Amino acid sequence: MDFRFSDDQALFAETVRGILANECPPAAVRTAWDNDTGTIDGLWSTLAATGVVGKTAPEDQAGLGMGDVDLVRIMEELGWAACPEVVLEHTAVAVPLIAEGGTVAQRDRWLAPAAAGDARLSCSLGSDLVNGAAQADALVLRSGDEMHLVPVDAVDLTPQASVDETRRLATVAWEPSEETRMDADAAAIERAERRAAVAAAAQCVGIAQRLLDFTVEYVQERRQFGSPVGVNQAVKHHLADVGKAIEFARPMVYRAGWSLTAGAPDAAEASSMAKALASDAVDLACRSSLQCHGAIAYTVEYDLQLWLKRGWAMAAAWGTASHHRDLVGRSLGV
Amino acid sequence: MDFRFSDDQALFAETVRGILANECPPAAVRTAWDNDTGTIDGLWSTLAATGVVGKTAPEDQAGLGMGDVDLVRIMEELGWAACPEVVLEHTAVAVPLIAEGGTVAQRDRWLAPAAAGDARLSCSLGSDLVNGAAQADALVLRSGDEMHLVPVDAVDLTPQASVDETRRLATVAWEPSEETRMDADAAAIERAERRAAVAAAAQCVGIAQRLLDFTVEYVQERRQFGSPVGVNQAVKHHLADVGKAIEFARPMVYRAGWSLTAGAPDAAEASSMAKALASDAVDLACRSSLQCHGAIAYTVEYDLQLWLKRGWAMAAAWGTASHHRDLVGRSLGV
Amino acid sequence: MDLTFSATELAFRDEIRTWLRDNTQGEDWAPMDTEEGFEQHRGWERTLFDAGWSVPNWPAAYGGRECSLIEWLVYEEEYYLGGAPGRVNTNGITLLGPTLFSFGTQEQQDRFFPKMASGEEIWAQGWSEPDSGSDLASLKTTAVRDGDHFVVNGQKTWCSRGAWADWIFCIVRTDPDSERHRGLSYLLVPADAPGLTRRPVSRLDGEPAFAELFFDDCRVAADNLLGEEGQGWGVAMATASSERGLNLRAPGRFLAAATRLVALYRSVLDAGTVPDNGLREQVIDAYTDATAYRWQVYRKASELMHGGSMGSEASYMKVFWSELDVELHATALRLLGERGELSHHAPLADGGSWMTGYLFSLSGPIYAGTNEIQRNIIAERVLGLPRK
Amino acid sequence: MDLTFSATELAFRDEIRTWLRDNTQGEDWAPMDTEEGFEQHRGWERTLFDAGWSVPNWPAAYGGRECSLIEWLVYEEEYYLGGAPGRVNTNGITLLGPTLFSFGTQEQQDRFFPKMASGEEIWAQGWSEPDSGSDLASLKTTAVRDGDHFVVNGQKTWCSRGAWADWIFCIVRTDPDSERHRGLSYLLVPADAPGLTRRPVSRLDGEPAFAELFFDDCRVAADNLLGEEGQGWGVAMATASSERGLNLRAPGRFLAAATRLVALYRSVLDAGTVPDNGLREQVIDAYTDATAYRWQVYRKASELMHGGSMGSEASYMKVFWSELDVELHATALRLLGERGELSHHAPLADGGSWMTGYLFSLSGPIYAGTNEIQRNIIAERVLGLPRK
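Chains as they are written, first to last, in the working numbering: chain A, 958 to 1291; chain B, 958 to 1291; chain C, 2 to 389; chain D, 2 to 389.
Honestly, the hints are just simulated from the structure, not real lab data.
None of these values were measured; they are calculated from a predicted model.
For every residue, glycine included, the Cβ atom is placed at its ideal position computed from N, Cα and C.
Warning: the hint list may mix true and false statements.
Stretch by stretch, here's where chain D covers chain A in the computed footprint (C-beta under 8 Å, at least three residues) [stated by the list, open to error]: (1) 1068-1075; (2) 1174-1186; (3) 1195-1202.
With a cut-off of at most 25 Å between alpha-carbon atoms, the simulated DMTMM-like pairs for lysine to aspartate or glutamate come out as follows [to be verified]: (4) D:Lys141 - B:Glu1178; (5) D:Lys141 - D:Asp176; (6) C:Lys389 - B:Glu1178; (7) D:Lys389 - A:Glu1057; (8) D:Lys141 - D:Asp178; (9) C:Lys389 - D:Asp176.
Put together the whole structure using the sequences plus the hints.
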């Protein structure tokens, strides 16, 4: 039993953090709010070149062949930076599902380009809403008990605005066919659901941490009544509670990532616990960081809103806390 | 629409407060913890002489013929003083139910003595536990859809210790018979349940208020780090939240009492809302008053415990907040 | 205690209910804080005014019908349950209005009230400054007397509805050497005053609902001083604790929202998408709290109508309604699951977005004194805890 | 990261599990804080000690088996899941123990550890005074050097297990002219020292679990000073933040309680008495939080085993486990409905009362530094917010 990340895992996360500091500062995230794609110019390529995009693809398909435990720290960093690229949908969900449950033709067609970042994938495992669908080359979609891999030119998209305008959601009209059908069985689909939950939970933890960092800095600087706002015990306790929520969501996320990769028996329960705790943590972080800022944060001009809105979106995406608590309850037999 | 109590109602409550200040101080409540009866010597007689005990009995049976709206302020005072007498069971529940649903023989036998305080009644509307059963002359008990009025010498009692040792609970073994059966129909039983909920809610509000009063006084006096404990914003906010919970439970309790007396269509919903809010208020008051006191309140020597334990008991008695929320949900159709 | 509505109160309820039913059909309402929506809502103010429903509790001379406080609460309940649009002149009618009644001269009242009631003049509040939020008394905008004018210099911010309002009620420092609460005055400033520049600022929902105001030797007639020069703090505080002010916010809005929430829960339940946990309780809690708020407000109104007053206890009200509103909307988002993130621009959101309502609700615990400050007030002034 | 238990760890788990199964059958346990229960639990300490399970993480020389921190966590999980009785010498083993390892002389360690491990000497903590609770540094009990003894005068209170303990570890003021954190010393006091009088004080559950200690020219040998004279504050703070101290409370207790809560929910559900709202979510939350606490503790233990340290972050742990414990028991009471008020003396409570557990849990947010103080520590020392 050793809960520490390996040096390789830690180093990779540091590398991603450095890339995002350069290529995904708040001003760049704002370009993704306003442009046609919801993405930052060049960032996808950089992430592909670094190995982030292809991290989960099989090694014989130009990938790094890694698992969820290798992704969690990266996902945290993507959340911390409010990175708008569809790494979650592509790397954490679509690629592993194709690797595991794609037909031979689908694997041959998509895995190598996806690993290299030349093809971009998005997916839904049951939700009405697909993020970044219009920018993807193909979509992994669900039809009842089946999964399908559908080129984007074979679907009709209706844009659905998110509170977070970098999230280019759409509802998708499409026809399942023998050609699009994947071999993924129920177990593979369930594993994909868990992967999505853990990756989303890790992003929530990163977003929550950034909201906390942002707010700690603000309340140290902002003065009212002759003192920094942060001297008030109410502010201290709000932020201590945010810190606590993050502090206890994080190891649960790591455990869930490890359990998925290791195929441990608690993988389902742990991934739902992780998303429930992480959704709640980011929800609390949103509310408390806004409250501790006051009116300044209630505008689109102030950068906090980029994380607030990402936070609200990711708290809901891939299952709300309520949904995942329900799954935990089922696994407990209640 | 006028939400103010009448002068008579207000005066009566003040009178009761005065009586309790004299005859039910903490030292007297402690005697009820330790003695055989769980009651305070002479207090029942005083309350009977003042008209509290017979307040709800019909005027032709030596009572005052009043309704729930006349009781709520009195119940608050009983809670505030941690009065251990079974006024709730006797006056708020048993007497009105006998008046409404007793046979002629039962009414003739019991109402006048009960109104005068010469007979003491307790009751259960479905709970396993009857408070003050051993000290009662007769018990109103439920058997399926029927209510029965049973002389206490016809039942077997098994004492069940409450966290509040003035509450002498017992489980009751007894045989329903034609002789004990009352005429009360389902609607009468339901009204009794609402009366019990509102009276218990009013007691909860009174208990919560006392816990708050007690704690406000303590944190003004207790000094740590060179200042009164009450200067800490965390203490301020704990107690502000207790005050808020009481402030918004109280008018709901009053409304519910009025609706029961007036037969208003919201009587069922309002009484369950009242008990849910009041149970939550007293529960919060218990927790926050203990926390703001610290270790001193964690002993039986310090008087706060008398209200803490009454508070925990009354939060549960006559329906927990969860139970009453469920009833509210049913009336909302959810 | 008699909680029966009187025949007069019931007739009043019927009248407003009928009028609303007949006058709120069919129109699509643009968001109030867009240029188009602002003018559309101004028109609705006029419609209300013409029917005598803009300011029902005001004197008849200013377009009201002198209804009682209880009737005003009935009006608000009907207004929100009827789904009528938001009031673009709320800041004028409910914040400035009571203050103008208390402190305004006859001339000022005659000048401002009719146009406030009809929507001809929409008001915004200019109190906060970049460095003066919770700590309002630290404000720096100055107004120096120059003959029959004041010359105003400084900057105001978070001025709700300030982008298109016609008038702004401001607190300014008329004694430049004064500190804190002293030397402040309450000044009514026309939005077209020379030297006043406005910059719209987009709220969290993207609508330009705020403005920043820049005063650069802006000249304002001295007639527009409300109350005595140098007494502005007292005038401002009267606004904040007025019985008809923000703190006695009518329960109608929350009851209407709670009713919508119950309907949402039922529809989600029917669709089979709601997990069997916590959410039912949260829906019940929201409805219960809205009901408790309702009776609390009627209780306070009864006391106020019979000589009572509400001082610091108003802070209980503000904390309660604002947190109820946040919880209620948060529950709706949980019920919506993955659709919860949709903005009102999304076709699936069906034109009305709970997320937009949630964003709006989140301003409640911040404005008009943060809830942290309200809880301090409760502890210190209601419960009597020591300040230091 | 490798969260597989090693073969050694698994063998360790099997060994303690088997031993507990074979040694915890059939005995009825009186409450620990009664005279009878205290001695019964002392006997259990001896049973553990004889089998090498009293202090498994200690050196073999003192009766331990030098297990790793991870193994100690495994031990604690098995201990609580196996339903073994509470440890009457916890204050000695987990609070004084680590401090004695850090600051004790070889003679002191040899003198005290074996009897602490075997239960021959049960320890209590004598820190708080009537006027010094949260503000421990204001304590007034003095200890004046007189040759090879200290003469102690003053009063201690809230001394858990103090009524029957054999030894008490105290903080006293050895420099009578000193103030606050200076001039304090850490002194080990035998309960039978002349001039020490004990008065049992009943805890909220009615058991005499506390004592007040009155020192009246009480003479204590100077050999019993732990650490340097005048350095008592530093020694005491080391106790509080020790990695094996109270703040790294093992998750076993909460996992066991959460498992019991899930079973209670199922039984209540089967009986059809649980309303279909909030309670299921609360049960799930309790189990989830206990699990999250588990992994957090394993994570911290991994860091500590590899050179990491835990300073102020320990406050996160204390706030989390103590509030989890309160919520978990409060949920159980809600599930029990009207039976929730029963004490463990009630036949219907079936020998074990959730109310008793609730009362116990309520001490968690108070002792060892209130949770308000822990949150201040988190904000100021972990997050870096300004103190003033």
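Verification of the supplied hints:
no.	hint	result
1	1068-1075	violated (count 0)
2	1174-1186	holds (count 4)
3	1195-1202	holds (count 5)
4	D:Lys141 - B:Glu1178	holds, 19 Å
5	D:Lys141 - D:Asp176	holds, 10 Å
6	C:Lys389 - B:Glu1178	holds, 13 Å
7	D:Lys389 - A:Glu1057	violated, 57 Å
8	D:Lys141 - D:Asp178	holds, 11 Å
9	C:Lys389 - D:Asp176	violated, 31 Å
Hint violations for this structure: numbers 1, 7 and 9, all remaining hints satisfied.
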